[in-house]
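There are 2 protein chains.
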Amino acid sequence: MVNKLAERIQELEAPIVVGLDPMLSYVPGNIIKEAYESKGENLEGAAEAIWQYNKGIIDAIYDLVPAVKPQIAMYEQFGIEGMKAYVKTLDYAKEKGLIVIGDVKRGDIGSTSTAYATGHLGKTEIAGNEFRGFNEDFITVNPYLGSDGILPFIEVCKQENKGLFILVKTSNPSSGEFQDRLIDGRPLYELVGEKVAEWGELFMGSNYSYIGAVVGATYPEIGKVLRKLMPKTFILVPGYGAQGGKAEDLKHYFNKDGLGAIVNSSRGIIAAYKQPQYESYGELAYADASRQAVLDMKEDLMKAWKK
Amino acid sequence: MVNKLAERIQELEAPIVVGLDPMLSYVPGNIIKEAYESKGENLEGAAEAIWQYNKGIIDAIYDLVPAVKPQIAMYEQFGIEGMKAYVKTLDYAKEKGLIVIGDVKRGDIGSTSTAYATGHLGKTEIAGNEFRGFNEDFITVNPYLGSDGILPFIEVCKQENKGLFILVKTSNPSSGEFQDRLIDGRPLYELVGEKVAEWGELFMGSNYSYIGAVVGATYPEIGKVLRKLMPKTFILVPGYGAQGGKAEDLKHYFNKDGLGAIVNSSRGIIAAYKQPQYESYGELAYADASRQAVLDMKEDLMKAWKK
Numbered sequence: 036m037v038n039k040l041a042e043r044i045q046e047l048e049a050p051i052v053v054g055l056d057p058m059l060s061y062v063p064g065n066i067i068k069e070a071y072e073s074k075g076e077n078l079e080g081a082a083e084a085i086w087q088y089n090k091g092i093i094d095a096i097y098d099l100v101p102a103v104k105p106q107i108a109m110y111e112q113f114g115i116e117g118m119k120a121y122v123k124t125l126d127y128a129k130e131k132g133l134i135v136i137g138d139v140k141r142g143d144i145g146s147t148s149t150a151y152a153t154g155h156l157g158k159t160e161i162a163g164n165e166f167r168g169f170n171e172d173f174i175t176v177n178p179y180l181g182s183d184g185i186l187p188f189i190e191v192c193k194q195e196n197k198g199l200f201i202l203v204k205t206s207n208p209s210s211g212e213f214q215d216r217l218i219d220g221r222p223l224y225e226l227v228g229e230k231v232a233e234w235g236e237l238f239m240g241s242n243y244s245y246i247g248a249v250v251g252a253t254y255p256e257i258g259k260v261l262r263k264l265m266p267k268t269f270i271l272v273p274g275y276g277a278q279g280g281k282a283e284d285l286k287h288y289f290n291k292d293g294l295g296a297i298v299n300s301s302r303g304i305i306a307a308y309k310q311p312q313y314e315s316y317g318e319l320a321y322a323d324a325s326r327q328a329v330l331d332m333k334e335d336l337m338k339a340w341k342k
Numbered sequence: 036m037v038n039k040l041a042e043r044i045q046e047l048e049a050p051i052v053v054g055l056d057p058m059l060s061y062v063p064g065n066i067i068k069e070a071y072e073s074k075g076e077n078l079e080g081a082a083e084a085i086w087q088y089n090k091g092i093i094d095a096i097y098d099l100v101p102a103v104k105p106q107i108a109m110y111e112q113f114g115i116e117g118m119k120a121y122v123k124t125l126d127y128a129k130e131k132g133l134i135v136i137g138d139v140k141r142g143d144i145g146s147t148s149t150a151y152a153t154g155h156l157g158k159t160e161i162a163g164n165e166f167r168g169f170n171e172d173f174i175t176v177n178p179y180l181g182s183d184g185i186l187p188f189i190e191v192c193k194q195e196n197k198g199l200f201i202l203v204k205t206s207n208p209s210s211g212e213f214q215d216r217l218i219d220g221r222p223l224y225e226l227v228g229e230k231v232a233e234w235g236e237l238f239m240g241s242n243y244s245y246i247g248a249v250v251g252a253t254y255p256e257i258g259k260v261l262r263k264l265m266p267k268t269f270i271l272v273p274g275y276g277a278q279g280g281k282a283e284d285l286k287h288y289f290n291k292d293g294l295g296a297i298v299n300s301s302r303g304i305i306a307a308y309k310q311p312q313y314e315s316y317g318e319l320a321y322a323d324a325s326r327q328a329v330l331d332m333k334e335d336l337m338k339a340w341k342k
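So the protein lines, in turn, are chains A and B.
Okay, so the first sequence: first residue is 36 according to the working numbering, each after it adds one.
Okay, so the second sequence: first residue is 36 according to the working numbering, each after it adds one.
Just so you know, the hints here were simulated from the structure itself, not pulled from any lab data.
As the structure is a prediction and not an experimental result, all values here were calculated from the model.
One should not assume that every hint holds.
Identical chains share a label here; the pair holds if one copy fits it or two copies do between them.
What the hints assert, rightly or not - Straight line, CA to CA, 20 Å or less: simulated DMTMM-like cross-link-like pairs of lysine to aspartate or glutamate: (1) 74 with 160; (2) 68 with 160; (3) 90 with 72; (4) 230 with 165; (5) 230 with 215; (6) 68 with 165.
Between the sequences and the hints, there should be enough to build the whole structure, so can you do that?
Structure representation (structure tokens):
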């Protein structure tokens, strides 16, 4: 799957993942109205609105980008009905040929990590038959619990040819509270990065490992250091656009082969029609605005990429 | 909710939480058979088996302990059907007067943390009406992303009179890989513990904060240090029993008032009938074995508690 990711990035010349992190407030009025009329003014109706909104975006962008990254929290907030919309979104994106990175940030130990890995990446056996729960291609994972938390995920990745992106340095302002603290003179994120590179050796693709890392766009100097520390690690880069990360800052996240990183944009693309730059599209053409925002992001990134 | 937790612990003289972390392999054959016959040999059937098994355990122990802690991964592995079993388990436990700690170990930033908090602890507004997704009383949260990840959860806790248990030092063998690393001569878990105490000040109950900590039973010396560092923090203690934590080791997790900690046991209680000590119950009486295991754990802990 990491090979497919690298190939698709090259084919499309787009190291871009679209974050499907819908808020109800992003969804155009006509979609909301129809969803409430068909499913009710309740969790089911809200989930239906989210799903229809996602479908429009996927239809508009699936030929431009290799991957989408649904943020499960945005679905989980609507309970079971939201989780169903998450599954529909995953399945539809895969039908359209997109690689799906589930931004689930799970993390636990031993058999509990195995259960998460089984649910999201693997299959479970029931009375001799195999069934899948959520079925993403990659998921994000939290490293705080150490190897006991990560290795069970890697086992399932190996069985399924799927991958992980492990949090190393997150994009938020307070990420330094723990991640930047110095240990023997080096910040914690470097130690975590080294571990990710080490875990990555356990499951290599052609040039890159199936075990990737998350490093925020908002800390370009740190991105540069981590790029060198984890040469075979694919880096998922959140924080571009809405959070303040600039294309120019991103060039150090890529290797000389032009690969090794994939940049996420969520709000900046899925709610493009709400920004001054794209407001002329209007809410009925929200998906067209998203398509244009992807094209503009691609152009913007080109400045950083292949330099 | 933290006041209720403290009261119930005192009333029942049981600082015990039963971990509802079911595996299909724990479920007695007759329950499996009935579930598959009624719902099919599929995810729905497996989830039904898990739910019926949980129901039997809750019925057998609800008058003995203040709280249960379902581990969401064990449900998530069965996809949407598993999540429905999770909700049924939460709702039934609450109906029976139990406090429910959702062991979800979520963690993200900003609006994403708010979405998790809304889904699990809060309510969401749809067309002017309020709806709840999962509705636990407490959830566990991962601190790796810093304050940006935690504060949105605390906001929702304040609105709902609910609480958190934030991972500080986990019970697993490799927890030290990052958590024990020295920063200015002090391990990371102490820094996290200090932050938890600081966050705890933002939402205090009568004597304890609504913002608790997770500290594994398997590191009693660390428990002693963290108890002093976080005097008003309720500590959720995993790792007793199956993972090797002994009652004698636990006394330092409690304050002089006999409160301040609640000890989790999962396998040791819910799969008691599979242990030599309780195997005479047989699988049909699995819930009675669980009840006896709770009574025995209570007695065992008394040695440590109130000393």
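Cα distance capped at 20 Å. Does residue 90 pair with residue 72 within a copy, between copies, both, or neither? within (18 Å within a copy, 36 Å between copies)
Same-copy or cross-copy closeness of residue 74 to residue 160 [CA-CA at most 20 Å]: The answer is between: 16 Å across copies meets 20 Å, while 33 Å in one copy does not.
At most 20 Å between C-alpha atoms: does residue 230 with residue 215 qualify within a copy, between copies, both, or neither? Close inside one copy (16 Å) and across copies (15 Å); limit 20 Å.
When no copy is named, should residue 230 and residue 165 be tagged within, between, both, or neither for a Cα gap of at most 20 Å? Neither: 33 Å inside a copy, 44 Å across copies.
Taking 20 Å as the upper bound on the Cα-Cα distance, should residue 68 and residue 165 be classified as within, between, both, or neither? between (39 Å within a copy, 18 Å between copies)
With identical chains treated as interchangeable, where does the CA-CA distance between residue 68 and residue 160 reach 20 Å or less: within a copy, between copies, both, or neither? Result: close only across copies, 15 Å inter versus 41 Å intra.
Of the numbered hints listed earlier, the single one contradicted by the structure is hint 4.
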